[in-house]
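Chains A and B supply the protein sequences, listed in that same order.
Residues in the first sequence are numbered consecutively from 31, following the working numbering.
Residues in the second sequence are numbered consecutively from 3, following the working numbering.
Misleading hints may appear alongside valid ones.
Stated by the list, open to error - Negatives, chain B to chain A, calculated, CB over 12 Å:
hint, residue
1, 95
2, 178
3, 193
4, 233
5, 262
6, 433
To be verified - Okay, the calculated bits of chain B under chain A, using three or more residues with CB under 8 Å as the criterion:
hint, stretch
7, 100-107
8, 226-232
No wet-lab data here; the hints were simulated from the structure.
Cβ coordinates follow ideal geometry from the N, Cα and C atoms, glycine included.
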Amino acid sequence: MTLLRHLAAAIVAGALIWAASVQLNAFRDYQLAEIAVYVVAIAGLSVLIGLSGQISLGNGAFMAIGAYAAALLIIHLNWPVWAVFPASAAITAVAGGVVGIAAARLSGPYLAGATLLLAVALPSLALQWPSVFGGDQGLSITVTAPARLGATFPLTRWQAWVCSLAALITLVLLANLTRSRVGRNWRAIRDDPVAAALTGLNVGRLRVLAFVVSATCAGLAGAMLAFTTTLVSPGSFTLSLSIALLTGAVLGGLGTLAGAVWGALVVVLVPTYVTDVATSHGLSSGVAANIPIAAYGVVLVLVMVLFPNGIQGGLRRLAGPLIPANLTRFTEPDRHQPASKQAGGLTSPDRRRPVGEHQEEGTK
Amino acid sequence: MNRSHRTRALAVAAVVVAALVAAGCGSSSSGGGSSASAPGITKTQILIGSHQPLTGPAAPGYSEIAPAANAYFQYVNAHGGIYGRKIKYTYLDDGYDPSKTASVVRQLVLQDSVYAIFNGLGTPTHLAVVKYLNSSKVPDVFVASGCDCWATGYPQTFGWQLDYIREGKILGAYVKQHFAGKKIGFFYQNDEFGLDGIKGLGYEIPSSQVVSKQSYVPTNVNIGPAVAALKASGAQVVVSYSIPAFTALLKLAALKLGWNPTFVVSDVGADPITLAGLLEAFAKKGGATVQGNQLTQGIITDGYLPTLGDGSNSWIALFKKVHDTYDAKAPFDGNVLYGEAVGYTFVQAMLKAGKNPSRADLTKAISGGLPQGPSVAPYDYSATDHGGMMGAYMGVIKNGVIVQQGPVWTTDTTPAGAVTTFSGTQAPAPSSGMP
Numbered sequence: 031m032t033l034l035r036h037l038a039a040a041i042v043a044g045a046l047i048w049a050a051s052v053q054l055n056a057f058r059d060y061q062l063a064e065i066a067v068y069v070v071a072i073a074g075l076s077v078l079i080g081l082s083g084q085i086s087l088g089n090g091a092f093m094a095i096g097a098y099a100a101a102l103l104i105i106h107l108n109w110p111v112w113a114v115f116p117a118s119a120a121i122t123a124v125a126g127g128v129v130g131i132a133a134a135r136l137s138g139p140y141l142a143g144a145t146l147l148l149a150v151a152l153p154s155l156a157l158q159w160p161s162v163f164g165g166d167q168g169l170s171i172t173v174t175a176p177a178r179l180g181a182t183f184p185l186t187r188w189q190a191w192v193c194s195l196a197a198l199i200t201l202v203l204l205a206n207l208t209r210s211r212v213g214r215n216w217r218a219i220r221d222d223p224v225a226a227a228l229t230g231l232n233v234g235r236l237r238v239l240a241f242v243v244s245a246t247c248a249g250l251a252g253a254m255l256a257f258t259t260t261l262v263s264p265g266s267f268t269l270s271l272s273i274a275l276l277t278g279a280v281l282g283g284l285g286t287l288a289g290a291v292w293g294a295l296v297v298v299l300v301p302t303y304v305t306d307v308a309t310s311h312g313l314s315s316g317v318a319a320n321i322p323i324a325a326y327g328v329v330l331v332l333v334m335v336l337f338p339n340g341i342q343g344g345l346r347r348l349a350g351p352l353i354p355a356n357l358t359r360f361t362e363p364d365r366h367q368p369a370s371k372q373a374g375g376l377t378s379p380d381r382r383r384p385v386g387e388h389q390e391e392g393t394k
Numbered sequence: 003m004n005r006s007h008r009t010r011a012l013a014v015a016a017v018v019v020a021a022l023v024a025a026g027c028g029s030s031s032s033g034g035g036s037s038a039s040a041p042g043i044t045k046t047q048i049l050i051g052s053h054q055p056l057t058g059p060a061a062p063g064y065s066e067i068a069p070a071a072n073a074y075f076q077y078v079n080a081h082g083g084i085y086g087r088k089i090k091y092t093y094l095d096d097g098y099d100p101s102k103t104a105s106v107v108r109q110l111v112l113q114d115s116v117y118a119i120f121n122g123l124g125t126p127t128h129l130a131v132v133k134y135l136n137s138s139k140v141p142d143v144f145v146a147s148g149c150d151c152w153a154t155g156y157p158q159t160f161g162w163q164l165d166y167i168r169e170g171k172i173l174g175a176y177v178k179q180h181f182a183g184k185k186i187g188f189f190y191q192n193d194e195f196g197l198d199g200i201k202g203l204g205y206e207i208p209s210s211q212v213v214s215k216q217s218y219v220p221t222n223v224n225i226g227p228a229v230a231a232l233k234a235s236g237a238q239v240v241v242s243y244s245i246p247a248f249t250a251l252l253k254l255a256a257l258k259l260g261w262n263p264t265f266v267v268s269d270v271g272a273d274p275i276t277l278a279g280l281l282e283a284f285a286k287k288g289g290a291t292v293q294g295n296q297l298t299q300g301i302i303t304d305g306y307l308p309t310l311g312d313g314s315n316s317w318i319a320l321f322k323k324v325h326d327t328y329d330a331k332a333p334f335d336g337n338v339l340y341g342e343a344v345g346y347t348f349v350q351a352m353l354k355a356g357k358n359p360s361r362a363d364l365t366k367a368i369s370g371g372l373p374q375g376p377s378v379a380p381y382d383y384s385a386t387d388h389g390g391m392m393g394a395y396m397g398v399i400k401n402g403v404i405v406q407q408g409p410v411w412t413t414d415t416t417p418a419g420a421v422t423t424f425s426g427t428q429a430p431a432p433s434s435g436m437p
């Protein structure tokens with residue numbers, strides 16, 4: 031039943047996105063596709079951090095794996111997009127499993143360090159085998175809209191449709207997964223791995239599984255990015271991408287699907303919007319170019335000060351009296367006191383402890 | 003629970019749609035009322051766009067280029083514009099990240115409706131949009147990259163600066179001529195820039211003379227082992243395809259080893275002002291004091307624009323005047339000269355394209371060939387070749403400025419093509435400062 035409800039909601043959302051995409055200009059359609067890419071990537075990271083309590087600074091590298099897999103499948107095997115996306119995600123899932131096995135033994139700053147290494151080292155592999163990965167110049171793919179849509183149909187709208195559909199399917203699957211037994215188990219190992227182990231949960235296996243799910247999302251996002259930008263090159267998967275994903279997840283609200291949407295909107299739209307404003311106010315280009323970075327920092331500081339649970343947490347707090355507080359979060363509403371009373375993050379510190387603090391005992 | 007789930011999902015959907023609508027309201031197309039012969043051209047204005055690394059790792063130095071080009075456009079606008087139209091130059095930051103390049107270029111083309119993309123900077127970044135621009139039939143002129151990839155295969159795209167293969171051949175020919183029988187070592191950046199350069203060098207320098215080839219990656223500043231290997235190979239001449247920071251590191255590492263070979267450095271990594279500053283800064287970090295200009299003394303390099311130090315050159319005088327009026331905050335260095343010179347070339351092309359040019363008129367005008375202008379060698383523009391400059395002169399750094407040695411040499415990008423002396427002379431800059 032839950033599945034049906036999520037599906038119904040996704041269909042409604044899909045219809046609304048379709049209506050919007052037809053209204054928007056071609057560049058906004060492109061941004062819509064970009065937002066969809068980031069929604070998937072951030073949702074995957076958010077599940078990992080917010081639910082299983084592990085951190086990853088390496089999801090940008092997983093995106094690179096998905097993107098290169100997609101590009102190679104399209105270039106050499108000429109696969110259609112509906113086959114490329116799941117295949118790329120599956121390939122990245124395998125990589126996520128391998129990393130996850132190592133990662134499950136680490137926690138806190140050590141895990142952050144290990145995944146950081148991945149983000150720094152992996153994209154430069156493309157430079158080691160330039161004949162396969164195209165080196166610095168990357169791999170270029172051709173994307174065209176289906177002929178039956180007409181010759182004048184904007185390609186960016188097609189990209190927006192495909193990416194939005196992929197994002198909605200991912201959100202539905204994640205919503206179901208996190209509400210299932212697996213999701214409950216993740217929350218258990220996040221809150222107290224020792225207690226969870228005592229109840230018979232396999233903490234290590236659950237952590238690896240969370241890594242696999244997160245990497246799968248990142249891989250799909252990478253394939254979507256390749257489909258959108260039509261070029262895969264190492265310069266797109268720098269450490270700053272991994273950091274941007276983490277920022278988006280924290281800004282939006284860790285562990286919530288709506289938070290991933292908020293995070294994606296901030297990551298994609300704030301820089302463009304702020305640059306537009308800055309240049310239209312006649313600031314010199316040197317200043318205007320740095321304003322998005324400053325704005326990003328200001329937004330991050332403000333959100334963290336005002337809404338420690340991210341934008342989604344903040345909205346919940348503001349709208350507390352209007353909407354039941356358990357909406358839009360993965361966390362089961364029945365775990366603690368009536369949810370509306372602890373909707374503000376400050377009053378439920380146990381759920382949002384910094385990752386790593388609560389894992390020390392379990393891993394020693 | 004049931005209702006809450008549905009509401010939750012609906013909330014997500016509402017968020018998405020609200021954001022989209024907000025985004026859509028943010029800006030409707032600002033193309034404006036046009037008596038237009040092409041997108042981006044109105045009665046009073048020609049709108050062009052570019053992607054530039056204004057922030058991020060490639061920003062130091064390169065972020066000066068677009069403001070310098072814009073300074074020249076302001077000079078043109080103040081002197082009557084192009085057939086009465088003023089150039090408006092919108093350059094957006096891509097941070098040298100190809101994904102961002104893809105996004106900002108679509109913004110320029112789809113939303114701002116620019117007439118052309120001008121001087122987009124970087125090989126990996128521009129490769130992310132070159133197919134898109136060509137399939138959208140948007141002129142993509144004077145890419146700021148020395149890759150020879152723009153020369154063929156893209157009808158809308160034109161290179162400008164001397165490509166790395168040609169440059170490598172010219173450096174190689176000079177080394178072969180002046181250092182016959184000496185042991186040569188190569189030091190190069192392990193990407194398309196360095197590899198193309200090495201390719202060009204290899205076309206000219208006999209492989210029996212090359213005793214060691216060492217590469218570096220720009221993310222790893224520990225080049226000690228590579229330099230030690232070059233020294234151990236007994237190289238007497240080191241040809242370096244490095245960006246300025248790594249030219250400075252190479253020089254300092256050799257100094258530390260008490261090794262003093264002759265350095266021949268690509269134009270990219272040999273701007274004396276940049277190098278001297280970097281040398282002093284790096285040495286200071288290591289607790290030593292050096293005189294930057296002393297250390298750059300004797301470095302051999304090449305140049306495809308007149309030398310900055312040559313105050314009597316009419317082109318340098320023009321660009322210095324424009325710089326002092328419109329871009330005085332930036333130092334008058336190689337990047338600024340580059341920006342103004344490529345701006346000049348664009349104005350040449352636009353004037354040739356006609357009074358009410360369509361997009362095709364611009365590409366046709368360039369394909370028909372352009373006069374040399376600020377370039378010391380002619381361009382190879384034709385219907386089949388969109389590469390750009392064909393040659394350069396060799397020079398030596400003396401007291402912080404490059405001093406030209408001998409004639410301008412030209413060549414092609416093929417292994418067998420000869421490196422020949424350019425017999426023509428460069429016309430002086432027009433006194434009006436307008437092409």
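Beyond 12 Å from every Cβ of chain A: is that where the Cβ of residue 95 of chain B lies?
violated, 4 Å
Hey, does residue 193 of chain B actually stay past 12 Å from chain A on C-beta?
Label violated. Min Cβ-Cβ 4 Å, cutoff 12 Å.
Are there three or more residues in the stretch 100-107 of chain B whose C-beta lies within less than 8 Å of some C-beta in chain A?
holds (count 4)
Quick check for students: does the CB of residue 178 of chain B sit more than 12 Å from each CB in chain A?
holds, 28 Å
Checking a non-interface call: every C-beta of chain A should be farther than 12 Å from the C-beta of residue 233 of chain B. Is that right?
Holds, because the least Cβ-Cβ distance between residue 233 of chain B and chain A comes to about 26 Å, which exceeds 12 Å.
12 Å Cβ clearance of residue 433 of chain B from chain A:
With a cut-off of 12 Å, residue 433 of chain B remains clear of chain A, as the shortest Cβ separation is near 30 Å.
Okay, the stretch 226-232 of chain B and chain A, do three or more residues pass the C-beta test at under 8 Å?
violated (count 0)
Verdict on residue 262 of chain B as a residue remote from chain A, using beta-carbon distances over 12 Å:
holds, 32 Å
The structure shown violates the earlier hints numbered 1, 3, 8.
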